[in-house]
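Enquirer: The primary structure of each chain is shown beneath.
Number of protein chains: 4
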Amino acid sequence: MHFASDNRAGVHPKISTSLVNHAHGHATSYGGSDLDKKVVQKFSELFEREVSVFYCSTGTAANALAFSAYNRPGAVGFCHREAHIREDECGAPEFFASGARLRIVDGPNGKMLPENLDTQIKSVKSFGVSGGVPAFVSITQGTEAGTVHTLAELDALTEIAKNHQLPVHMDGARFANAVQAIGCTPAEMTWKRGIDALSFGATKNGCWCAEALIFFQQHDAAHMAYIHKRAAQVMSKTRFVSAQFDAYLKDELWLELAAHANSAAQGLEAIIAKSNHARLAWRREINEVFAVITKLKARDLKNKGAEFYEWPSPYADKNIVGPNETIIRLVTDFSTTQADIDNFAAALNTQMLTEL
Amino acid sequence: MHFASDNRAGVHPKISTSLVNHAHGHATSYGGSDLDKKVVQKFSELFEREVSVFYCSTGTAANALAFSAYNRPGAVGFCHREAHIREDECGAPEFFASGARLRIVDGPNGKMLPENLDTQIKSVKSFGVSGGVPAFVSITQGTEAGTVHTLAELDALTEIAKNHQLPVHMDGARFANAVQAIGCTPAEMTWKRGIDALSFGATKNGCWCAEALIFFQQHDAAHMAYIHKRAAQVMSKTRFVSAQFDAYLKDELWLELAAHANSAAQGLEAIIAKSNHARLAWRREINEVFAVITKLKARDLKNKGAEFYEWPSPYADKNIVGPNETIIRLVTDFSTTQADIDNFAAALNTQMLTEL
Amino acid sequence: MHFASDNRAGVHPKISTSLVNHAHGHATSYGGSDLDKKVVQKFSELFEREVSVFYCSTGTAANALAFSAYNRPGAVGFCHREAHIREDECGAPEFFASGARLRIVDGPNGKMLPENLDTQIKSVKSFGVSGGVPAFVSITQGTEAGTVHTLAELDALTEIAKNHQLPVHMDGARFANAVQAIGCTPAEMTWKRGIDALSFGATKNGCWCAEALIFFQQHDAAHMAYIHKRAAQVMSKTRFVSAQFDAYLKDELWLELAAHANSAAQGLEAIIAKSNHARLAWRREINEVFAVITKLKARDLKNKGAEFYEWPSPYADKNIVGPNETIIRLVTDFSTTQADIDNFAAALNTQMLTEL
Amino acid sequence: MHFASDNRAGVHPKISTSLVNHAHGHATSYGGSDLDKKVVQKFSELFEREVSVFYCSTGTAANALAFSAYNRPGAVGFCHREAHIREDECGAPEFFASGARLRIVDGPNGKMLPENLDTQIKSVKSFGVSGGVPAFVSITQGTEAGTVHTLAELDALTEIAKNHQLPVHMDGARFANAVQAIGCTPAEMTWKRGIDALSFGATKNGCWCAEALIFFQQHDAAHMAYIHKRAAQVMSKTRFVSAQFDAYLKDELWLELAAHANSAAQGLEAIIAKSNHARLAWRREINEVFAVITKLKARDLKNKGAEFYEWPSPYADKNIVGPNETIIRLVTDFSTTQADIDNFAAALNTQMLTEL
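In order, the protein sequence lines correspond to chains W, Y, D and E. Quick note on this note's numbering: the first sequence kicks off at 21 and runs consecutively. Quick note on this note's numbering: the second sequence kicks off at 21 and runs consecutively. Quick note on this note's numbering: the third sequence kicks off at 21 and runs consecutively. Quick note on this note's numbering: the fourth sequence kicks off at 21 and runs consecutively.
Excised from the complex, chain W in its bound form (with noise of 0.2 Å):
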């Protein structure tokens, strides 16, 4: 019952061929190979305009050289209390970007309020040069809440930032899930939204190692040879990575993954919302549920083989969490089984192993 996270899961069998299949002879380094051009330019079909991309060993790494990209003196940035640039990253983005900093913006869902992103920025700007410059949006799609910000909800977000001239990345981790959960193309999801860089992420979604960081805007990525470089994020062998996405990007590949990954995780959703022995924390949207269980029977779940991470609740205040009582995140992945999902049925609604 694989259920900790889906970077947990292995790669897909047409990655691995790919690998293979571009492990022999000689080809130019740093990105200057056939297959490394290749695949930039199926990016730039993929999003319906000419993109600048580069390699990331790591989404944190994307999402960081993302704050870089646009930092400047006294730079702030804004993102949701929950975002992984925030919460998850040992301070590598603000360490990337020479001590910038990001300023929390809250809402409901793991999606920050439009009217909560303005406060933000204003407060920041109230201070003048003793608060610092606002720089730079950060959206999480899908959320690490397992939610999706609907285009509507992307279109006012990236109005209040454009508002106040500011770039908008997206940390696009789960872009795959999120795009596939909501139906619409890369281009309509990003840029026609107003989102300026992308952290696209392919490693959760059955490749070995292989995340990109685009931008749609061409003059934004002007000083990003050196920030990558600097940056230690230039990879030798870009071929290896280009190879994972060459196999990613082909015939949809990508979404029939997320797509896996996210009907599973529908499965898992039903199962709990008709258990008696645990009920839906709030609504999934993509390949994460949340489910609120006593310790008890999350001690049990673990004890039967389950693995899942218990999650901090974000509304303390609100009580959604009763007194012995816990959130745990199910995360599902492109190789989530059948099997799996019967057998967490199973361990939910039968009778604990130990009353402890």
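Some hints could be false.
[Stated by the list, open to error] Covered by chain Y, according to a simulated footprint, are these stretches of chain W (three or more residues, beta-carbon under 8 Å):
#1 26–33
#2 104–115
#3 256–263
These are computed hints drawn from the structure, not numbers from a lab. Fair warning: this is a prediction, and the values are worked out from it, not measured in the lab. Glycine included, each C-beta is placed from N, C-alpha and C at the ideal position.
Based on the hints, put chains Y, D and E in the right spot on chain W.
Expert: Just chains Y, D and E now, with coordinates in the frame of chain W:
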């Protein structure tokens, strides 16, 4: 005729196969899988002591994090003028070390002279707080000049460093080639010589993307978990690096591949030594051959399909290069063919295609 | 009616005279003069233990270097939402600490609540390496809200910090006002409460430019000589700072000046308490009074020549400010005159000049 | 016999008096007072064009912020091997510029040779992205060797820089001495030569603490307000710096003080030129004299009460210093007395006190 760089080579089939073999099923991410732990154990066995291992996606990252590990306010590091850490990493080491500096130590054949190292360290110290504090020495083995420090030469350098209580890092982007050339054990090349940290590179020697920063003293790695994460270098699906190292270290594959590359370079060296159209710039010891040829001949070789880089002369004042001459660098790798070597000999020794 | 800021005041004649008295002849620079040494000794006597003293040209520098002194990879500091170190320093603390981060701890009246501090520290820890490492707590005394932590309140905060093995810094930009208000000794306010480092501000209280970063534990200052120099804060003619502190600390001038400022604020407070045109926002304890008045009245006061700043409400959700109201901050200083106070009372309580 | 450093001197009475005169009453802080504005206007008049002025508390800060102003990802600056910005600032420039690097440009007498500057710039460029991007040139005027660049020499250096589109900074810690020595106007020494930014130092020349970073191109200072604040260099009671500059610039006091110091150095130079116990290391042009004496004589002079520093020989390979000899640096200042000069002559030319 692929002699531009060993990072243009592909990957060895055993590396590919290992990746395919480990592509299935779920495994703990972030270094927690059984395979990850097995590989760390393998490194400890290889070096005959317990080591701390941190995977990096580039050699630049490994070098930069080594500098970071020993960083302190006002830190000054020391390295050879031609060291990769100084010349080829866009300032990544200084950036990751928050502005710590690298001082040049000169010496012939890509090696610092011990007396120059001592002088430079003392010079920084002589300025007191204004000068900063010596904190780091980096030795490249094999060097950028295709040479190798003898064990005695390493001893002489580490002795100077230890006299000043300085830790010593070894940039081993071509560590395999150096170990093979010397014929010693990895331990004899490193901690038995006083080396404290090693950038263990495998990418240039038949892997896709496999670099490890290795510490021989546990306490030196005390903050590394945070340094590593903050540097955006903690890859999620670590087994993909482990799978490469697993095959790379098995049955001494790494030394076998290095032996092939070194031997191919020896072949090129012999050709140049005998040729009337070129002469050796200095004595080769690993998989890089440096030759002096006329600029016209360099162009001719390129026209005939030879790939290589021209190299800045390290001895501008010593007349090793005549006015119409240039130094070319020829790099061999694990996959260099005899045909490529023979073709180069023919290209070198036959008439020029065009007299430009 | 000068109530905009205590840094708009001039300097006390005894400070001026001291500078004139030390202007002649040669003296060792960079802290080596007899006067410099005498003043360090005076600080040790003032705090009843041997202290390490580092002069800074701004309070921001003192705060930023305090954070730097306790910095480590992945470091996270904790401070109040309204703390100067977070709101008013353009990110200098994070910049000097190479991207280390500050987390908000909420609480009323400019003071962190101990339970909130504990929660925030635990929250960072709960994320493990991804979250970073708690490393620093900063308490502002007197606070930005014109209040003072009682000794018991300081104990409660430092106890939480010590439970987590965290060092505690005190931002004492208005330290003199706080000590005078409490009536304790400097030692009782600081290291006897568990404070490890203090930004001792004198500029706002009658000096030109005299700030000192003081460490109560010698080993905490181990790297400070380099941190201080690298921060460009080592002034050459240090006796010019020492001359100010020499007069400032002599015969308790510093407390006398603070007493004057606090007393003047008490006068303003009484006027507001009695007025029909304003009410106190909350209880004042040092030389800052916060009053709620109508926006019209605020404009009227400015028209009548009163200088002050409007202040963002810290309790937006608690209705302490009505829809047409604003909070104004009135700051007194060592040179505030009774005439200014009387004029303010008259301006407040007489008819508006113009109905806009 | 005070020849250790001009920063050991006190302050001129006119500077002291100006401070006393501006000590009273309230004034807008952070550069907003009438006096502050008047002094900026004075600087514009002095330089015959509108300039941007940023006060700093140290020369190191001014230099570091100049580098920061022109910083960009991968930036490399160029300066003389002996430049203060490289040797004496504990890495502050690199730290403030987030790891940007400084490259050495050699040349005799503390001056970069234009051809060496060109070579170094081209060398960095030849490495492409790996090498970083040339971004900054810093010239020290007067130099650390007590010499002065002629206007033609400045032209030659700025021409190289401009050919590469690089901005040029002048470290003018002893700008007054250089201007006085050359006899040109401040404009002729700076922007008319192609200088873009100037560290205008006054502390060494009779002030307490008065350094200004001056930009001649408005757009170069575009981000300076934030860079300045983030560097903790925005002093609150700015009129205390303005009061010093107001007196310093009035009636050419600054040139008068520099003339005194230069003339005193000329006196020392004449004494050494005539002495049998010392010889000039090279020709002096400002207020620093470098002499070669025996190590025994150096000790003897110190025993007799002379204060000075021994200096590392910049020409270790050129035999300007014999085996038992040393170079001493003698610095004069605005307050050097004829008695000190006469006493030095006597100490130099009379028998040694003790034969050690």
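Enquirer: So is the segment 26–33 of chain W in contact with chain Y by the C-beta rule, three or more residues under 8 Å, or is the coverage claim wrong?
Expert: holds (count 6)
Enquirer: Closer than 8 Å, Cβ to Cβ, for at least three residues: run that test on the segment 104–115 of chain W against chain Y and report holds or violated.
Expert: holds (count 5)
Enquirer: For the segment 256–263 of chain W, do at least 3 residues have a Cβ located nearer than 8 Å to some Cβ of chain Y?
Expert: n = 3 at 8 Å, threshold three: holds.
When each numbered hint is compared with the structure, no violation occurs for any of them.
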